[in-house]
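S.K.: Chains as they are written, first to last, in numbering that gives the first Met the number 0: chain A, 0 to 292; chain B, 0 to 292.
These aren't lab readings, by the way, just hints derived from the structure by calculation. Take the hints with a grain of salt, since some may be wrong.
Identical chains blur together in the list; that is why a pair holds if it fits in one copy or across any two.
[As the list claims (entries may be wrong)] No more than 27 angstroms apart at the CA atoms, straight line, and that leaves these computed lysine-lysine pairs for DSSO-like: (1) K212 with K193; (2) K186 with K104; (3) K193 with K286; (4) K193 with K60; (5) K261 with K286; (6) K79 with K193; (7) K79 with K203; (8) K208 with K240; (9) K143 with K208; (10) K104 with K60; (11) K180 with K191; (12) K203 with K286; (13) K286 with K175; (14) K28 with K203; (15) K79 with K286; (16) K208 with K193; (17) K286 with K44; (18) K104 with K191; (19) K104 with K240; (20) K180 with K44; (21) K28 with K208; (22) K261 with K240.
Number of protein chains: 2
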Amino acid sequence: MANNRFDVAVVGGGPAGLSAVITGRIRNKEIGLFEHLDFSQKLQKAHIVDNYPGIPQVSGKGLIQQFASHALAHGPALIKEKVLNIFPGDEFFTLLTAGNTYEAKTVILATGVVSTLLFNGERDFLGRGVSYCATCDGRMFEGKDVAVISYTTEGENEAGFLGEICRNVYYLPQYKGDFSKMRAEVKVLDAKPKAIFGDAQVEKLVTDKEELKVHGVFILRQSDPVENILPGLELDGEVIKVNRDMSTSIPGVFAAGDCTGKPWQVAKATGEGLMAMLSAISYLGSKRDSKPE
Amino acid sequence: MANNRFDVAVVGGGPAGLSAVITGRIRNKEIGLFEHLDFSQKLQKAHIVDNYPGIPQVSGKGLIQQFASHALAHGPALIKEKVLNIFPGDEFFTLLTAGNTYEAKTVILATGVVSTLLFNGERDFLGRGVSYCATCDGRMFEGKDVAVISYTTEGENEAGFLGEICRNVYYLPQYKGDFSKMRAEVKVLDAKPKAIFGDAQVEKLVTDKEELKVHGVFILRQSDPVENILPGLELDGEVIKVNRDMSTSIPGVFAAGDCTGKPWQVAKATGEGLMAMLSAISYLGSKRDSKPE
């Protein structure tokens, strides 16, 4: 289990997370970098970035590649899994992914922004039919009807898995793609989700085209609403509330980058990532100092 | 005078100031960049920087050159003069250098840190014998005795000028150099200043070697104590107190980089420079909106 335990878990591999990793490794900390996609999807879509000092006129894709290769050269543990839940503990935070459990003494959230608002009903029915992980929760819906709303191609595998065990699977991709190779059991719908309704449990998903009677709604975004990953984390509107040293309302948890608010800019993110890591390292030191010998 | 009036005056051309300039010019603002030395002296001394994301294993000198050429390509007005005083006004801040007057609607302080503490007595006698500018204040000491404490080679010219008009000039360089070509009127002393004493006016400078009876003490650092440049600016210990958006206690004045506190790191400085500029631009917009038509 040694490889599953870290000084610092960095959740998200955009500019903020990668900057944190670089400084953390230079300071000789064991770092787990959780990045389930191919680094910042958002930055990759930026045509040209010209205000990151020192690297003029670079494509977003080129810039994130430079960041990633710089960070990976310092040898963090790269974990290509999505963090679904974080639980504080006495000595370690526990991080759950679909298939594994990890531990870390401190956590840096660098999850970016959820670019869409939550759907009506989403928060109310979380755990009562709404789920962010088919691998985790799919079995509860065996023989039942489910909808999968997905913002990434990852959703195709998730829907495929559900197609094996559920009765009806509706797949609502919120991105452009070729869905001709989806399994026959999965019905692809070109529709925009509007709201989730039900009583004790989810009963239907309303879209701009129709009403789907379903027992479960899986929602797969690039990043999940952070308050659902780590309950009790204090927000400031839609973003994580942070102090100047990037500490959050939960001791040992720091945040950096777009998830702490605007401006959504690369240099702001890298600066905050650095700061969050140095604060996490101070926190590690103060915890060690306060331990009995 | 059109070239002496700016939307934003950026005081200091280190990583924070240069980052602010880049974003400000991209947003099409008129920017005056005040940098009297050859960009960040502090960064130039850094052997290797390896935690500025995207540019691994770079010398401090190489990094600041990349920043400077990036920023200057965007065409700010580069003013190679030291800002000695800033006065708030109704519509413009007035910035004084030794020889000129400039105006700006907003100011970003990116002056770095004063690496030495103030001398005992320095603050008490400021304006009563202590000065940061020989060109400005030298005439007050015609025929009198003065000491010049200098941390940069700039001090050699200042001492030379004083040598023409004062009776005795003691030059106390706090750096290594070749002083054999200093004018004969200037007495170079290898000593560390300790404290300034006097009554209504300065009467003597005490060093680790002797007591110098002088009427004036000129102190020339890479950057002056910022609270002396802009009186009333609220500090937090030794650094400028800032909010998350880099605003200071004075409306229209923002700060970024080392002068806002640790960590003294490049990525923190560039991120804050960006943020300060975006906040300054918002401030410009809000002022314009609140004006009568």
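S.K.: State whether the alpha carbon distance between K104 and K240 is at most 27 angstroms within one copy, between copies, both, or neither.
M.R.: Cα proximity of K104 and K240: one copy only (21 angstroms, versus 31 angstroms across).
S.K.: At most 27 angstroms between C-alpha atoms: does K286 with K175 qualify within a copy, between copies, both, or neither?
M.R.: neither (48 angstroms within a copy, 43 angstroms between copies)
S.K.: If the cut is 27 angstroms between Cα atoms, do K28 and K208 qualify within a copy, between copies, both or neither?
M.R.: neither (52 angstroms within a copy, 47 angstroms between copies)
S.K.: First find the shortest C-alpha distance between K104 and K191 inside one copy, then the shortest across copies, and answer within, between, both or neither for a cut-off of 27 angstroms.
M.R.: neither (41 angstroms within a copy, 47 angstroms between copies)
S.K.: Classify it for me, K28 with K203: is the Cα-Cα distance of at most 27 angstroms met within a copy, between copies, both or neither?
M.R.: Neither. Shortest intra-copy (47 angstroms) and inter-copy (52 angstroms) distances fail the 27 angstroms Cα cut-off.
S.K.: Have a look at K261 and K286 and pick one of within, between, both or neither, based on CA distance no larger than 27 angstroms.
M.R.: between (31 angstroms within a copy, 21 angstroms between copies)
S.K.: Should K143 paired with K208 be assigned to within, between, both, or neither, using CA atoms and 27 angstroms as the limit?
M.R.: Result: close within a single copy only, 22 angstroms intra versus 90 angstroms inter.
S.K.: What label fits K193 with K286 when the C-alpha limit is 27 angstroms: within, between, both, or neither?
M.R.: neither (46 angstroms within a copy, 40 angstroms between copies)
S.K.: With 27 angstroms as the alpha-carbon cut-off, assign the pair K79 and K203 to within, between, both or neither.
M.R.: So K79 and K203 fail the 27 angstroms test inside a copy (33 angstroms) and across (67 angstroms) alike.
S.K.: Regarding K286 and K44, is the shortest C-alpha distance of 27 angstroms or less found within a copy, between copies, in both, or in neither?
M.R.: Classified as neither: same-chain Cα gap 40 angstroms, cross-chain 34 angstroms, threshold 27 angstroms.
S.K.: If the cut is 27 angstroms between Cα atoms, do K193 and K60 qualify within a copy, between copies, both or neither?
M.R.: neither (32 angstroms within a copy, 55 angstroms between copies)
S.K.: One pair to classify: K186 and K104, alpha carbons no more than 27 angstroms apart. Within, between, both, or neither?
M.R.: neither (43 angstroms within a copy, 59 angstroms between copies)
The structure is inconsistent with the numbered hints 2, 3, 4, 6, 7, 8, 10, 12, 13, 14, 15, 17, 18, 21, although it conforms to all the rest.
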